[in-house]
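2 protein chains.
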Amino acid sequence: MFTEMRVTEFLDALSSKESVPGGGSGAALGGALGAALVSMVCNLTIGKKGYADVEARMRDLLAKSEALRQELLRLLEADTQVYTQVMAAYRLPRKTAEQEAAREAAMQRALKEAAEVPLAIAERCAEVVDLAMPAAEMGNAWAVSDAGVGVLLAEAAMRGALLNVTINLASITDADFVREAEARMATLTANKAEMKERVMAAVNDKIQG
Amino acid sequence: MFTEMRVTEFLDALSSKESVPGGGSGAALGGALGAALVSMVCNLTIGKKGYADVEARMRDLLAKSEALRQELLRLLEADTQVYTQVMAAYRLPRKTAEQEAAREAAMQRALKEAAEVPLAIAERCAEVVDLAMPAAEMGNAWAVSDAGVGVLLAEAAMRGALLNVTINLASITDADFVREAEARMATLTANKAEMKERVMAAVNDKIQG
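Chains as they are written, first to last, in our numbering: chain A, 136 to 344; chain B, 136 to 344.
Isolated chain A, as found in the complex (with noise of 0.2 Å):
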């Protein structure tokens, strides 16, 4: 398990020429991190004087961050899976026509879990982009830079996990696969830079203000 390892290893091995764990684990604890600091404003609001009005939405927004928290470490091991999978699967003898239809089954296999991991890990980041909002809105003034460090290690890491995606995408045959994905991925760029500034704009005005 890469997310038990103490810090500095997680980092190391990140770095090492060991292809796991690779750039699509290295967005998903930036989500995380992402995640982990819309908690904070959470955290720091919840029970503190003058905030009593958003006090229930702050555990609302409390109980989606930390599950979104959850999901992009799960994501982050389960990339460290999938990416095995498809160096396995690349490994397969093809000596054979039938060994040759046989890897290249798997292969297809292999990067459809290898686009869907990512794709997930960006999706996932997209909504601690969208959960920043509130958290700078709402929460306690003292905490809002924190919404926004928050914001943009979270719609940093959606965009670097999309990066996985498309490289995997380009190497599968299944055309609906590939056009599904791509308006999944689609949905995500239109919006989420924006929003990111929306968030930061609204921080800013706090920290000014």
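Derived by calculation from the structure, the hints in this document are not laboratory data.
In this text, all values refer to a predicted model and were calculated from it rather than measured experimentally.
Among the hints, erroneous ones may be present.
No distinction is drawn between identical chains; accordingly, a pair holds when it is met within one copy or between any pair of copies.
Lysine to aspartate or glutamate pairs mimicking DMTMM-like chemistry, simulated, CA-CA at most 25 Å apart [unchecked claim]:
#1 LYS199 x GLU235
#2 LYS184 x GLU317
#3 LYS183 x GLU201
#4 LYS152 x GLU139
#5 LYS184 x GLU212
#6 LYS184 x GLU139
Guided by the hints, dock chain B onto chain A, whose structure is given.
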């Protein structure tokens, strides 16, 4: 040492209502993730067939990204200490004019350090952004998406760290200190978003090419 915690424990600590680690430390870890991903590209290039020509430059790049990774982890810890110092100064007694003056002096000293540390985090993250370009251009084409994830996380972390600088500068009365810090911030905000997009263009060229 927060960096010696398990990844899951660090995220628990970050998301909690405890004041440290805060957003500055989250940004430092985002930058360290970016540096680790640049290192990964180097490690997947050095000694690989077809990359002998760039090996010396990749070794140089690796030494730089590894030094930045270590420095960002040191700054992650430092950010928790300076925040604790600001809180300690804030709690000093102020019943007499003498106490008031001593408290204000302690606050100003602590605030300067609490601005300096996230500014250093931002500057180190900006250096990671710069290193991502040769990693993307010269590194193993198979790992180019890792350079992309690295530059995205490092630039986001830089921008996040600068939020904490802004907040602390607002309470610092030494106009020369503030002016100098703002000049250092301006250098980063003027150039690094564009550099990130140039790296991303290089990454996308290689992915699609």
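- [ ] Hint by hint, work out which the structure violates, then give me just those numbers in ascending order.
- [x] Structure breaks hints 1, 2, 5, 6.
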